[in-house]
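Peer 1: Okay, here's what each chain looks like letter by letter:
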Amino acid sequence: MATSHDSASLTVKPTVPWYRDRNARAIAFQIIALSAVILLGWYLVSNTMHNMATRNIATGWGFLGLEAGFGISEHVISYTPADTYGRAIVVGFLNTIKVAVIGIILATIIGVVVGLARLSSNWLVARMATVYVEALRNVPLLLQLIIWYGLIIAMPGPRQAVQMMPGVFLTGRGVYYPSIESEPVHTWMAVLFVVGILLTWAYSRWAKRRQDETGKAAPLLLPAIGFIIGLPLLIWLIAGAPLTLGLPELKGFNFAGGSVLSPEFAAMVVGLSTYTGAFIAEVVRSGIQAVSHGQSEAARALGLRPMLVTRLVVFPQSLRVIVPPLTSQYLNLTKNSSLAVAIGYPDLVSTGNTALNQTGQAVECIAIIMGVYLAISLAISLFMNWYNKHIALVER
Amino acid sequence: MTAAADADLIPARRPPSSETGAVGWIRHNLFSGWFNTIVTIIAAFVAYKVIVGALSYTIFNAVWTGTPQTCQDMLGKGACWLAVEDRYRFILFGPFDYDQQWRGGLVIALFCVMVALSAIRRLWGRNLIIAWVAMLAVVLWLMHGGLGLKVVDTSKWGGLPLTLLLAFAGIIFAFPLGIVLALGRRSNMPAIKALCVAYIELIRGVPLISVLFMASVMFPLFLPENITIDKVLRAQVGIILFTAAYTAEAIRGGLQAVPKGQYEAADALGLGYWRKMSLIVLPQALKISIPSIVNNFISTLKDTSLVTIIALYDLLNTSKIAFNEPQWRSFFFDGFLVAGLIYFVFCFSISRISIKIERVLDVGHKRR
Amino acid sequence: MSQPIITMNKVNKWYGEFHVLRDIELSVSKGERIVVCGPSGSGKSTLIRCINRLEEHQAGSIKVDGIELTDDVKNIEQIRREVGMVFQHFNLFPHLTVLENCCLGPIWVRKMPRAEAEEIAMKYLKRVRIPEQANKYPGQLSGGQQQRVAIARSLCMNPKIMLFDEPTSALDPEMVKEVLDVMIGLAEDGGMTMLCVTHEMGFARSVAHRVIFMDRGQIIEQNDPETFFHNPQNERTKLFLSQILAH
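Protein chains in written order, with the numbering used here: chain A, 1 to 396; chain B, 1001 to 1368; chain C, 2001 to 2247.
Pulled out of the complex, with its shape left as it was, chain A reads as follows (with noise of 0.2 Å):
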């Protein structure tokens, strides 16, 4: 039987006391909630205001703008203690973006080679690889960066250095090595680098298309070895192979020529390399092996050759597994830079503090070293999604 409703009777709806609706509840717990927030914040600001105020603290953000007069012991860029401290802050940020990409291609190097140490079917080797790994893991990174810098500096004077390669010195003032001096063909070698990589590009186009075509695989490690190493090689012969290097020699007390790496940034990029390349190593390895040994089995019961199953099938997953954890990795290595305020590296967080000390402007100073560091996480977070969700795979 069919019933009808008049339009009367549809919009009655029971009347729910607001303490009980659940919206209205939600609304008010986050009233509530943002009240307690903002009263918390206020009441710290205010107290901060207060004691910035007695203790004669200058705020807002004209320190920046001041003479620093301080000294930096590297800087990317020119640096004088006549400079601003914004000048100086900055210098620190290069500071740190220097040691951490140098960092985070030494510990993707080492966690690579390690990791794949780990999975090596060579007992000796494999247990070596976990000795690496566990020893470096479980000991405090700063205690390690400690450990490197004063091994560095305990190093003789460059009266009795230690000569690790010719031309390479180990002191305890850093280490010594030889400076190439510019010459006009390094132009044209950067240039052909360029073009040896576009020609690659080109190259691998031309033989994938080849390959469908007509089934001919075309070799590609090597010609693209040839283009890309090879053309800047062959200009630089033709130009009659110009190589003056800066050799470091022992002119009196120290080092006349050459360049040299500080002991602070030497310890910096061991320390941080090593440590990272450990964790990097165990990302790699799970990884790897989580690609289910199945996948491996179908491929290799086609026939393909094992180059080939770890090229078409294994590394493509393996990557997929990899690349999160390893960014995250790069993050933990580019945050642990700040480490380098205790051996005395001129970072970011160094140069910062000093200016904190000298200005007493704490809540300015750290609000930009956090800034900074958000930044870069930020960044490296905004990468990491695009990047899953680029390469998903692709399910119901």
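No lab work stands behind these hints: they were computed from the structure. Heads up, the beta-carbon is just placed ideally off N, CA and C, and yes, glycines get one too. Don't take each hint at face value.
To be verified - According to the in silico footprint, chain A covers these stretches of chain C (three or more CB under 8 Å from chain A):
id : region
1  : 2080–2089
2  : 2092–2101
3  : 2106–2118
Claimed, not checked - Heads up, simulated SDA-like pairs for lysine to any residue below, C-alpha to C-alpha not over 20 Å straight-line:
id : chain 1 : residue 1 : chain 2 : residue 2
4  : A       : Lys216    : C       : Arg2114
5  : A       : Lys98     : A       : Ser259
6  : B       : Lys1077   : A       : Pro156
7  : B       : Lys1260   : B       : Leu1282
8  : B       : Lys1356   : A       : Glu282
On the provided structure of chain A, position chains B and C as indicated by the hints.
Peer 2: Positioned in the frame of chain A, the structure of chains B and C alone reads:
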């Protein structure tokens, strides 16, 4: 069934000797193929050098008795254990009152015992948590004094007891805060969710050192003039706030792993939000996230070393300062060796326990 | 049936101390279809996995299509080109489409141009009756569909021998039939040598030339399906049959 059905038609035989036993194992794992053989030889050489070098430095050439001059003669070739014998008290306990250092030793022993007990599955439960909190109270009493013990000011707290206290108190207090943050992050209420996300992402995006700076330099500014906070307390609060963000993420992973059906069943029974969480969801979520939390704890233990930078006398700092005297100054490395060994023993043992726990709980394994 | 395409001579295999294959003697003729059955742990999967060298035997000799199976890489590659394998858990490549999964072998191992490989792939996808899924990813297909793609993938290599390792054991019951139908269709087209490890006795009855029963690493009994099922000789065979044919 006749006996004939059970008799093996072909009895099992042992594999040929080249396949098994020591010979077979060596052949397969070390010398299968010429490339592997070369690698084994190189690796064995390197391992030999390292092991012999380490043993000779720490044991055979090390200086156990004698004078500082004996140590100086062996600098670089043998460890100066003389220096460690002289200064081990400072390394272990920092500037703590000399005659009261037994209290520090007791603190260390208590922590070790509690960790060992926590590894036994049968003892898990509410009682264990109460035991931890009670032990923490006892530790605080031992460190601080009062009620029959001589009071020792926090400026004299140091060494291993301080490191352990900072780490364990850090994770114990970060735990409830982490639960609240994780629940808030998964909440449907936008304001709550935004607050929690902001907190977690802010803390996880910055290095611990900046949080410690904030704690040690800015906390005095946050509070009215007449209130002063103890330096150790500032560092402790900084560590708690920092660890809470990471713990929250670990717990959030556990909450996500609890099947949706559990939430629905609890709702269907008519349980309110907090009952649902405390009786049904959190017990399951926490169980799943225990391995992550334990890994967080190992990182926290290592991170306590950063309080060196704000001038607290943790184990790293004491081992750094211990040999500042002129006679022992050259042997700084051996002090670090001792500290490194202590950290390694604690962290490695806890990570082994964590693996055992994971196997018992049958969940996966990640580490920061 | 004619000359043997697979011969196994006194083949033995150990996992560590465990003797998993004991003195296996087997001869498979070209075009013959064999079903291998037995309790779990009897070594039947290991047996067929030795044929394409996914497992290595430590004693005895195995010859496939006239090529001896040793550590010689060239021999192994040649054999794998002629032997196709279908796995219990499909093992499709999740990051490639169905079509790409099928073209992988022909392009990279048989060195075919892409267009030719795709033509062959579509032909076999039609044969297994899912040509419309060619551009989907394995994760979007049901279990039965995935296994049919796996069969097509192996067929694209034009093998002389097809190995099936419990192909329907991981499937929901309603999907078992669609896969068995494909396998029966393959048998009825004639010519393909098939070795199949399975519990599907109906399939054995309708398609197999020979049924082999294995227990504890050895071949206990082998016979044509009629004799095997109605007149088993060995006590063990009788016990096994009574267990699996009970319902």
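Peer 1: Work down the list of hints and note, for each, if the structure agrees.
Peer 2: Hint check:
1. Against chain A, the region 2080–2089 of chain C contributes 7 residues with a C-beta closer than 8 Å to a partner C-beta. That satisfies the three-residue criterion, and the hint holds.
2. Look at the region 2092–2101 of chain C against chain A: 4 of its residues bring a Cβ nearer than 8 Å to a Cβ of that chain, three or more, so the hint holds.
3. Only residues whose beta carbon comes within less than 8 Å of a beta carbon in chain A count, and the region 2106–2118 of chain C has 11; three or more means the coverage holds.
4. Of the pairs offered as hints, the one joining Lys216 (chain A) and Arg2114 (chain C) holds, with about 10 Å between alpha carbons and a cut-off of 20 Å not exceeded.
5. Restraint check for Lys98 (chain A) and Ser259 (chain A): satisfied, since their Cα atoms lie roughly 16 Å apart, inside the 20 Å limit.
6. With a C-alpha separation of about 16 Å, the suggested pair Lys1077 (chain B) and Pro156 (chain A) falls inside the 20 Å cut-off, and the hint holds.
7. Proposed proximity of Lys1260 (chain B) and Leu1282 (chain B) is supported: the alpha carbons are some 13 Å apart, at most 20 Å.
8. For the proposed pair Lys1356 (chain B) and Glu282 (chain A), the alpha carbon gap of about 18 Å is at most 20 Å, so the pair holds.
Consistency note: the structure conflicts with none of the earlier hints.
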